[in-house]
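Residue numbers (the UniProt record's numbering), protein chains in the order written: chain U, 1 to 221; chain V, 1 to 221.
Since the hints were derived computationally from the structure, they do not count as laboratory data. Don't take every hint at face value.
Taking CB as the label site, the calculated pair distances span [as the list claims (entries may be wrong)]:
1) U/90 / V/85: 46 to 54 Å
2) V/33 / U/214: 45 to 53 Å
3) U/110 / V/3: 35 to 43 Å
Pulled from the structure, derived: some chain U residues nowhere near chain V, Cβ distances all over 10 Å [stated by the list, open to error]:
4) 37
5) 48
6) 49
7) 50
8) 85
9) 88
10) 108
11) 109
12) 110
13) 155
14) 178
15) 184
16) 196
17) 212
Glycine included, every Cβ here is placed at the ideal spot set by N, Cα and C.
Number of protein chains: 2
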Amino acid sequence: MEQIENVKVGPMPPSQFLKPFRLEFTQNGRKRFWDFVKLHESVSIIIYNTTRNVLVFVKQFRPAVYYNTAATAQSVCNEVQGEIDWSKVPPSSGVTLELCAGILDNPKLSPKEIAKQEVLEECGYDVPLENFQYIISYRSGIGVSGDKQNMFYCEVTDQMKVSEGGGLASEGEFIDVVEMTIPEVRNFMSQELVPSPGGFLFGLMWFLANKAPAEESRSGN
Amino acid sequence: MEQIENVKVGPMPPSQFLKPFRLEFTQNGRKRFWDFVKLHESVSIIIYNTTRNVLVFVKQFRPAVYYNTAATAQSVCNEVQGEIDWSKVPPSSGVTLELCAGILDNPKLSPKEIAKQEVLEECGYDVPLENFQYIISYRSGIGVSGDKQNMFYCEVTDQMKVSEGGGLASEGEFIDVVEMTIPEVRNFMSQELVPSPGGFLFGLMWFLANKAPAEESRSGN
Numbered sequence: 001m002e003q004i005e006n007v008k009v010g011p012m013p014p015s016q017f018l019k020p021f022r023l024e025f026t027q028n029g030r031k032r033f034w035d036f037v038k039l040h041e042s043v044s045i046i047i048y049n050t051t052r053n054v055l056v057f058v059k060q061f062r063p064a065v066y067y068n069t070a071a072t073a074q075s076v077c078n079e080v081q082g083e084i085d086w087s088k089v090p091p092s093s094g095v096t097l098e099l100c101a102g103i104l105d106n107p108k109l110s111p112k113e114i115a116k117q118e119v120l121e122e123c124g125y126d127v128p129l130e131n132f133q134y135i136i137s138y139r140s141g142i143g144v145s146g147d148k149q150n151m152f153y154c155e156v157t158d159q160m161k162v163s164e165g166g167g168l169a170s171e172g173e174f175i176d177v178v179e180m181t182i183p184e185v186r187n188f189m190s191q192e193l194v195p196s197p198g199g200f201l202f203g204l205m206w207f208l209a210n211k212a213p214a215e216e217s218r219s220g221n
Numbered sequence: 001m002e003q004i005e006n007v008k009v010g011p012m013p014p015s016q017f018l019k020p021f022r023l024e025f026t027q028n029g030r031k032r033f034w035d036f037v038k039l040h041e042s043v044s045i046i047i048y049n050t051t052r053n054v055l056v057f058v059k060q061f062r063p064a065v066y067y068n069t070a071a072t073a074q075s076v077c078n079e080v081q082g083e084i085d086w087s088k089v090p091p092s093s094g095v096t097l098e099l100c101a102g103i104l105d106n107p108k109l110s111p112k113e114i115a116k117q118e119v120l121e122e123c124g125y126d127v128p129l130e131n132f133q134y135i136i137s138y139r140s141g142i143g144v145s146g147d148k149q150n151m152f153y154c155e156v157t158d159q160m161k162v163s164e165g166g167g168l169a170s171e172g173e174f175i176d177v178v179e180m181t182i183p184e185v186r187n188f189m190s191q192e193l194v195p196s197p198g199g200f201l202f203g204l205m206w207f208l209a210n211k212a213p214a215e216e217s218r219s220g221n
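Just chain U, with the same shape it has in the complex:
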């Protein structure tokens, strides 16, 4: 369980992590502008452990989701963000279930090589590069960031497990590895609100349609 304390929110000072830009342009003769942030291109990986027929995901505390849930629950609008009563906001409301993922921050590595590295760092599987199947690329956050997301699929076995995973402690990552059977995945998707991004839901549907063993599929409903 996450322990989240001493929460404070305020306007962002100049930041090395989030760089907001303004694009000015004339569209069809009309002057416009648009404010957005620049994010790194990234990879995400659907991991299927064929030894035990489980999908492997990561779970982590996401401050932006935590803030959003709190602000919505307490009907706090933008202007009075200082007034959230954080003692009433359970840390679990900011915890998301996601595909193993990472940003393309090393120009010397291909997206596939970064994917391999993330599967090792976050989930502890040392997987041969040829096990990674490219699925599709799409745009994330089209309104506010428009960054490119590249999705891969890989199958792993228990023999490839070389560490606990959990991300790089040096980068302050607190990541839990989560395993789910196919019926559990179907159950997860039947919730009203899933604590996951839209691309994650696509990845699950893609897996169920293209990779899930037939007998497992049927038992799931």
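For this one, chain U is given, so just place chain V on it according to the hints.
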């Protein structure tokens, strides 16, 4: 075709559209902070026209996607964003295909009522409220915004078409309505890079798995 001219990009001045915040907190005993932006909760709608068996989407120019594509193509990093040669960036590279969607900016209307309003404004169909089926809610932009997205499905007929759609001119919206047959949708999804968000891909998979007429599904492959 979009005409995009006089493009300029620079650091964002104080903005009423994009408000960046910093959340400070102690996680499991370790002091951290996270920079993010606050976005509105929103709705998106998968629209299926049963008169002509086509899905109805919207297409629009997205400045954040345009910038991102240009910066990636010309290998421009954050620090030298002024150096993009915009004459070499086709406006089409910023055009996305999306579900009809809108933000929850009127607290007096339910998400379903906002969905109905958006289908009318953007796509020109006047659809009874009871035609809207709630599908699922998920988190968009978990790293940077964490906003909640609510997805609906509705079936429409040509008889419900009352206007051209295209969004509110008063809000400076330039939105094209696009129709696709089911084989066209499958073809779209077989591209390497789709100019659409992950939630859009999920919506297409959901439709194909749950709503697509059987004969159409089969003809698509």
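A quick look at each hint next to the structure:
no. : hint                     : verdict
1   : U/90 / V/85: 46 to 54 Å  : holds, 50 Å
2   : V/33 / U/214: 45 to 53 Å : holds, 48 Å
3   : U/110 / V/3: 35 to 43 Å  : holds, 36 Å
4   : 37                       : violated, 6 Å
5   : 48                       : holds, 17 Å
6   : 49                       : holds, 23 Å
7   : 50                       : holds, 23 Å
8   : 85                       : holds, 15 Å
9   : 88                       : holds, 15 Å
10  : 108                      : holds, 14 Å
11  : 109                      : holds, 16 Å
12  : 110                      : holds, 14 Å
13  : 155                      : holds, 20 Å
14  : 178                      : holds, 15 Å
15  : 184                      : holds, 17 Å
16  : 196                      : violated, 6 Å
17  : 212                      : holds, 12 Å
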